[in-house]
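Student: Please work from the sequences and hints to get the whole structure.
Those protein sequence lines, which keep their order, are chains A and B. In terms of our numbering, the first sequence has 146 at position 146, counting the first letter as 1, and numbering is strictly consecutive. In terms of our numbering, the second sequence has 1137 at position 137, counting the first letter as 1, and numbering is strictly consecutive.
No wet-lab data here; the hints were simulated from the structure. Note that CB positions come from ideal geometry on N, CA and C, so glycine has one too. Check each hint, because a few of them may be wrong.
[Unchecked claim] Anything over 12 Å on all C-beta distances counts as not near chain A; from chain B, calculated:
#, residue
1, Ala1012
2, Val1013
3, Pro1024
4, Tyr1039
5, Lys1064
6, Gly1078
7, Leu1120
8, Val1130
9, Gly1137
10, Glu1232
11, Gly1249
12, Ala1303
[Stated by the list, open to error] Using C-beta positions, here's what the derived DEER-type ranges look like:
#, chain 1, residue 1, chain 2, residue 2, range
13, A, Leu105, B, Val1204, 53 to 63 Å
14, B, Lys1329, A, Leu105, 45 to 55 Å
15, B, Gln1322, A, Leu68, 19 to 29 Å
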Amino acid sequence: MDERTGFLLFSAIALVGALNVVLRRNAVHAALWLVGSFLGVAGIFLTLGSGLLAAIQVMVYAGAIMVLFLFVILLLNLETPRFEGISLARGASLFAAAATGLLLLWPFVNDRSLQAPAVPAVDLPVTAANVGMTLFQRFAVPFEIVSLVLLVAMVGAIHVARRPRRDEPA
Amino acid sequence: MTDPLWISLVKAVAVFAFTLTLVPLLVLAERRISAWMQYRVGPNRVGPFGSLQPLADLVKMLFKEELRPAGVPAFLFGAAPAIAAICSLFMMAVVPLGGTLEVGGHSTRMVVADVDVGVLAVLATSSLGVYGITLGGWASNSKYSLLGGLRSSAQMISYELTMGLSLLSVLVLVRRGDAAGLFGSLSLSDIVASQATSGIWNVVKCPVGFLLFTTAAFAETNRLPFDLPEAETELVGGYHTEYSAMKFGLFFLGEYAAMVASSAVVVCLFLGGWHLPFVTGAEAVGVPGALLQVGVFVAKLLAFLFFFIHVRWTLPRFRYDQLMDLGWKVMLPLALVNLLVTGGLVAAGVF
Chain A
1 MDERTGFLLF SAIALVGALN VVLRRNAVHA ALWLVGSFLG VAGIFLTLGS
51 GLLAAIQVMV YAGAIMVLFL FVILLLNLET PRFEGISLAR GASLFAAAAT
101 GLLLLWPFVN DRSLQAPAVP AVDLPVTAAN VGMTLFQRFA VPFEIVSLVL
151 LVAMVGAIHV ARRPRRDEPA
Chain B
1001 MTDPLWISLV KAVAVFAFTL TLVPLLVLAE RRISAWMQYR VGPNRVGPFG
1051 SLQPLADLVK MLFKEELRPA GVPAFLFGAA PAIAAICSLF MMAVVPLGGT
1101 LEVGGHSTRM VVADVDVGVL AVLATSSLGV YGITLGGWAS NSKYSLLGGL
1151 RSSAQMISYE LTMGLSLLSV LVLVRRGDAA GLFGSLSLSD IVASQATSGI
1201 WNVVKCPVGF LLFTTAAFAE TNRLPFDLPE AETELVGGYH TEYSAMKFGL
1251 FFLGEYAAMV ASSAVVVCLF LGGWHLPFVT GAEAVGVPGA LLQVGVFVAK
1301 LLAFLFFFIH VRWTLPRFRY DQLMDLGWKV MLPLALVNLL VTGGLVAAGV
1351 F
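Tutor: Next up, the structure:
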């Protein structure tokens, strides 16, 4: 399978999956389509010759994060919402969302220079060793900043979720 | 080195057949060993020493009536056992059964897919395997199944972290003592080769990592003392309560195949894979040498599987909160410290 066919196949999988995430009414089904979409993205990484990114994509997103999503959905036992028809407000917000999306996409469709393939910041084959060296040497500071941001998010989540102490006003 | 298509096919079929042959033998071994441990006789009616019992069980499962509870999504209900079985079998693809085989000027590694991210492929597949159990639990439309599926997803996420972290301590070790002075590798073949070159197995260099990884492997394969998704005394049968006939058989197959695969991974990572001390090195071998290597690997695999079974019939099941406490408050910190110590020792030049 050449790169082009692979790309078309896997991006089709990713797009159909993503579309079904928003079209399914059953939350569990939507989550499963998202897993399919992630697997499609992993396939795209594979056709681009990066087994590393593909494996990490499957492991982190399709494996860990979506399992957690599914866990929460099953725990909440969501009802399947009924279709209530399209009200004026809903129609207007749908229209606004679509218009904003098109507006954001417009430069990429219009401007030829933006369609040229992006120049990679580091021109090395994507192996574990290269990724590691690049991340921890050249991009060490951005990497640390990102982990700090994640840490802040984590502390925030714990603060929101924890039970207040007895002597503390809720 | 790339193989012609027919060699890849031969290897794939061989490993597939190897795993599928081992599963019924393992089921029989489990029943005989548990009987031996509990001072019972065990299956001894079908064939000599009950050796045909798994075959009889298979025939029974194939011909049993298949029941499907009312109101279940048919596709997911059927897909769940298939996912569980496929993910377990797929893991064996990256496990090297031997070193490099050289026949008539052509050399090939004795592994189905010698991918350079082998270890990550193992983790990725094992994290996908949980979908089989979780979906089986959800699709069954029964409270016991759902509870089993829920437990399984939480358990997998908790123990995957420990598994990954204890794996990292092995990867740190691979960096040195490599034949070609390579930079370290994620390929299981290279990890075994580096142990064969240095002559010291990773279990000696980081025993804590071995312990943590093995414990996490028990949890990931849902084996006692971590079989809470199944927990027949609380949840009837857990995620497979509503399954019958061959669909249940597939779950069964998946569990035992996962046992084989994770034992094989442990043998490769920590117990030197096909390496026999003082006899074999990392160099390419002919047919007799290859047979010896595969023999050594299978012997280690069987020994570890015996350990797997022995633990199941020795330890009682954890309570759910104990399981979570062990995972997050004991094993995860221990894995972090272990990584730090191993990394420090490597940096100080001890290994």
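Student: So, for every hint listed, does it hold in this structure?
Tutor: Evaluation of the provided hints:
Separation of B/Ala1012 from chain A is adequate, the least Cβ-Cβ distance of about 18 Å exceeding the 12 Å criterion. For B/Val1013, the shortest C-beta to C-beta distance to chain A comes to about 22 Å, beyond the 12 Å cut-off, and the non-interface label holds. At roughly 29 Å from the closest C-beta of chain A, the C-beta of B/Pro1024 stays outside 12 Å, upholding its exclusion from the interface. With 12 Å as the threshold on Cβ separation, the claim that B/Tyr1039 sits away from chain A holds: the shortest Cβ distance comes to roughly 41 Å.
Interface exclusion of B/Lys1064 from chain A stands, the closest Cβ pair being 29 Å apart, more than 12 Å. With a closest Cβ-Cβ approach of about 14 Å to chain A, B/Gly1078 is found to remain outside the 12 Å limit, as its non-interface label requires. At roughly 4 Å from the closest C-beta of chain A, the C-beta of B/Leu1120 falls inside 12 Å, breaking its exclusion from the interface. For B/Val1130, the non-interface assignment is contradicted: its Cβ lies about 6 Å from the closest Cβ of chain A, within the 12 Å cut-off.
For B/Gly1137, the shortest C-beta to C-beta distance to chain A comes to about 8 Å, within the 12 Å cut-off, and the non-interface label is violated. Here B/Glu1232 stays apart from chain A, with its beta-carbon at least about 21 Å from theirs, past the 12 Å limit. At roughly 24 Å, the least C-beta separation between B/Gly1249 and chain A is larger than 12 Å, which holds for a residue marked as non-interface. Taking the minimum C-beta to C-beta distance to chain A, about 29 Å, the non-interface status of B/Ala1303 holds against the 12 Å cut.
A beta carbon spacing of about 58 Å between A/Leu105 and B/Val1204 agrees with the range 53 to 63 Å that was offered as a hint. Between B/Lys1329 and A/Leu105, the C-beta spacing of about 48 Å keeps the proposed range 45 to 55 Å intact. B/Gln1322 and A/Leu68 have their C-beta atoms about 21 Å apart, which keeps the hinted 19 to 29 Å range intact.
In the structure shown, a violation is registered for the earlier hints numbered 7, 8, 9, in ascending order.
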